[in-house]
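Colleague: The primary structure of each chain is shown beneath.
Number of protein chains: 2
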Amino acid sequence: MYQFGHYYLACYGLSPQACLTPFIIFLSMSSNNSSLIPLRHSAEHVLTQAMVNLYGPDSFYMAMGPATPEGFYFDFEPLNGLKISEDDFPALEAEMAKIVKSALPITREEISLDEAKKMFASNPYKMEWLNSIEGRGEVISIYKTGESFVDLCAGPHVATTGDIKAFKLLSIAGAYWHGDEKNKMLTRIYGTAFNSQEELEQYLLMLEEAKKRDHRKLGKDLNIYFYDDEIGQGLPLWLPNGGVVIEELEKLAKETEDKDGYLRVKTPHITKENLFIKSGHLPYYAESMYPPMEVDGEKYYLKPMNCPFHHKIFGHTPRSYRDLPLKLAEYGTCYRYEKSGELFGLMRVRSMQMNDAHIYCTEAQFEKTFMDVIKMYLYYFEVFGVEKYIMRFSTYSKDGLGKKYIDNEALWIKTENMVRQCLTNGKVNFIEVANEAAFYGPKIDVQIYSAIGKEFTLATNQVDFAVPSRFDLHYTNAEGQPETPLCIHRAPLSTHERMIGFLLEHFGGNFPLWLSPVQVSLIPITDAQHDYALKLKAQLEEKGIRVNVDLRPEKMQGKIRDAQLQKVPYMLIIGGREVENNQVSVRQRDGQDLGAMPVTTFIDTIGKQITSKSLSLIK
Amino acid sequence: MYQFGHYYLACYGLSPQACLTPFIIFLSMSSNNSSLIPLRHSAEHVLTQAMVNLYGPDSFYMAMGPATPEGFYFDFEPLNGLKISEDDFPALEAEMAKIVKSALPITREEISLDEAKKMFASNPYKMEWLNSIEGRGEVISIYKTGESFVDLCAGPHVATTGDIKAFKLLSIAGAYWHGDEKNKMLTRIYGTAFNSQEELEQYLLMLEEAKKRDHRKLGKDLNIYFYDDEIGQGLPLWLPNGGVVIEELEKLAKETEDKDGYLRVKTPHITKENLFIKSGHLPYYAESMYPPMEVDGEKYYLKPMNCPFHHKIFGHTPRSYRDLPLKLAEYGTCYRYEKSGELFGLMRVRSMQMNDAHIYCTEAQFEKTFMDVIKMYLYYFEVFGVEKYIMRFSTYSKDGLGKKYIDNEALWIKTENMVRQCLTNGKVNFIEVANEAAFYGPKIDVQIYSAIGKEFTLATNQVDFAVPSRFDLHYTNAEGQPETPLCIHRAPLSTHERMIGFLLEHFGGNFPLWLSPVQVSLIPITDAQHDYALKLKAQLEEKGIRVNVDLRPEKMQGKIRDAQLQKVPYMLIIGGREVENNQVSVRQRDGQDLGAMPVTTFIDTIGKQITSKSLSLIK
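The listed protein sequences correspond, in order, to chains A and B.
For the numbering used here, count along the first sequence from 1 and bump the result up by 19.
For the numbering used here, count along the second sequence from 1 and bump the result up by 19.
Looking at chain A on its own, in the form it has when it is part of the complex (with noise of 0.2 Å):
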């Protein structure tokens, strides 16, 4: 089971809902310069009075304003026939820039529910929310700036507009109402804030960088991946090119996974109804579900997780502590029914194959095979020259426990205390985050960061202390008696979707070698070459190697340029001299000229790139 954190600091408009769904999107906001969140959250406001400033009170209603990983932003519904775009941001932008320097205290007060409502009975947005807390008791806040302005908003925020050193407003967009395309399309300015200028600046030059590297245009340019309106939002389609990514990913996971033990396993997409009641989805996840499928009476429903199914296979047979730590792996695809106003690209989907895997073992195993775990990652990190990471270790607290986390108490502070051990034995990166944990155990969120520098969340890992008892999952012991074991969940190279996604941004599409849909793009010069050029092919496929052959009636520059927009490492260029002396012409994708080479040359230094999955090119 896995889930993601959550970083949404919002005002009220927020719903509660859209704070459970599982959050994905990219994040330069990394858990160490949350410090940034009160800074954003009244930047977001000095946007709202700018706006009212500059437009007057009666053209829009606010609906909501969260800071985000990246900055913030801000959803709102014009009125009164209020158009605004990015040709108003210098105008917004200066105006904000008043606020600022005027250094306007921002100061929060508690007020009651009906004071509340009074005070923004004309807001649908705010009434629906207000409405919604209805009886809960919640305290209920509002930020003022200055005299004149004030919100609905669960804070926190800096003291003073004055504050804030560095914003920018960034783009516009459409944004539908909790995400739902059946609610209304309001208007979303993103912007976003720093500590100072020079931060500022650094971000804009990785959000320029960024859109060059954009996995969506390069999942497009490099044939990776496409949707289609016919098969339905959220559900890529895998062209051949991304088809070798994905298998070469999976070999990578299984080679990696058969080494440490893992066993694999395979199990249906669907399930009848019962299964998720008992593992406990069904009650709190069913939102986050397809609907059922009503099949002989029963309900069938599309499986979100693998793991109840994976635990249905150790209760399957008698396990004795001999066969302890037991891994079952699976790239199993799940499906989460996500609001299509939330779909992005790879990284959010409807349908995502995971890198799964699920670790029975008893207590004294835990450190060791929580290590284990925690190595393979940074392998992989290595593997994808991923140098920058943090995991966030995300523990319970007192006063969630019979409501947010199981009512255990000892058995939480025994589990944190094992995972925090393993994690200060390994020196790994690590923070601690209080009051975040999973239902049933701590977990940690792990974040990469990107050759530019941006943050991704690539998957959590999870200890489970809870399910294998809901399961009845039992071992027997050393004594010959009955124990429950511990579950580990994990999924380091995260789904396929976000995986390629990350992998596409962090090498801006140049694929290392061993990962290049094509690895070899051979280039005849004439006609006269082609007979030379497709035993070419033949001897370099017997090695293994992915070769495109250009047999079109181009001009060479011409089949260099497309080779190169293809992110091919190397081009091979054939003429009459290098098919007379059995060479070829070694082009790389970033433009260097290695010159002729022996062809077994070349064969025998590539083969050995691919082997250990070099990063760099020859030169």
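Accuracy of the hints is not assured; some may be wrong.
Unchecked claim - Computed, partial: chain B to chain A, Cβ under 8 Å:
#, residue
1, L256
2, G262
3, L570
Said to hold, decoys possible - Derived DEER-like restraints, expressed as beta-carbon distance ranges:
#, chain 1, residue 1, chain 2, residue 2, range
4, A, G154, B, K318, 51 to 61 Å
5, B, D248, A, A305, 18 to 28 Å
6, A, L613, B, E428, 52 to 62 Å
Said to hold, decoys possible - Below, a sample of chain B positions facing chain A; criterion: calculated Cβ distance under 7 Å:
#, residue
7, N214
8, I250
9, I265
10, E266
11, R283
12, T290
13, H335
14, P337
15, S370
16, W533
Hints listed in this document are in silico derivations from the structure and should not be mistaken for laboratory results.
Being a predicted model, the structure only gives us computed values, none of them experimental.
Backbone N, C-alpha and C fix where the C-beta goes; we use that ideal spot for every residue, glycine too.
Chain B: place on chain A using the hints.
Modeller: Just chain B, lined up with the frame of chain A:
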């Protein structure tokens, strides 16, 4: 799109719907001994007559009784407390023998619907069918045996009961009317008949051996797969041992397909309704599909086939004749709704992982492309030691044009000629069957025989000249004009479910070394050899060999027996002497003792066996 041949020849009681349901179960009667059909069908009438003689005409309702590839069966509803068990078979067989000895003539008569309704007024099963054909103007025939026995039946039959030279009743079971658990449970008697006593005895011998090799029993004993009530009928869960076999089969498929230029794609398991309307599945195939899920106001279906997804991928990119043949492969999991009464082990399931591919080619490329597919089948037969096979080439019929078949006779003739020429030129063992083609083109059903001669329907190979144009698929030909490709559907390794079911029975669980879940079992005689055994395990695993080490405090003989029960090809017995000499004592699962040999000799020998996919062990 794969359909499987329909070999039913049934009394009218068999509903037209049942006739359309793909027929998958074992076939011991192959296409080349379909001459047994009249004989077996007559034997079934004799059984019914014997029951009337022994128990009286009011003791049961005849429901239906077809000849099958295995013999025949008779379904009836017992009345007035009739109870039949296998203990009654000797008496029934004696009565049947009397009828056979009397050599009663079996004669056909055609009657009107009204006459038939009068004649069978008291039988609700016959009446159900008679009512269902009301107004269709079908010819209705009855068959009489001698003077006293009559049944509503399409025939054909043998001339007299004296032609039934050898018959036997086999078993008794419950069977739902129309295979649907919502209907009444009837009683079914299975029997068989042959042209000679010798053939019958041979068959019974095969049956006895087949029982031992039943894949359901072996699948359980060898921990290959299981079903779980909480997950659902027909949805197998693959245990780690099954996972190994799946992985090895996929590796084989990928290696073989890579060599032949296939490209791997990956597509979702669900899609919007419209795709399957366009493909023609929903109008004709809805009963074999899972019901829809309603998402965002759209109906989504689980895919029963991969074809439309691959067509989408073909259509996504502009294609040139230079790109053809384009071969898109995917081990796609499909879901088909089979009535629960029709589910059978791994042979008839609801989820199936298909060795699927669709090949798009020009007409000029057809013969070579199609022949390459046939060669791939033959290669796999060699790999698995399948010595006997038949390809049933199913063609159109003039009468069915515009009804069962796409209305373009010239295209049928041309395509069938191409296929026929391929099969003849390739010296393939095939027979031709008129009027059994698919809707959109000719097909080849591949029947294979296991080591003990039991027949299985493996897969179907189809030529499709209709769907590509329905999906508006084009390529640009050498003249720059758009042209519609031909499409070949193929699945030579069938589905994992059916293939592994077949392989379990074919090998009687004794998988060849390369396919064995555990290849070597290490058996230390005492605790003193545990360290050596573990070292050896690492050494073997380093070479990619799948090893189990048995450290239980059991006697050596017990460990050997357990490994043999698990059909582990090699057991290495390790005592003090072996440790001293760095040797292993090798036992085969068939009981052969190969004595001691150096570890490296053993590793080299079996390494070669694995690489060559050898079908036999060392000795």
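Colleague: Mind listing which of the numbered hints don't hold for this structure, in increasing order?
Modeller: 4, 7, 14 and 16
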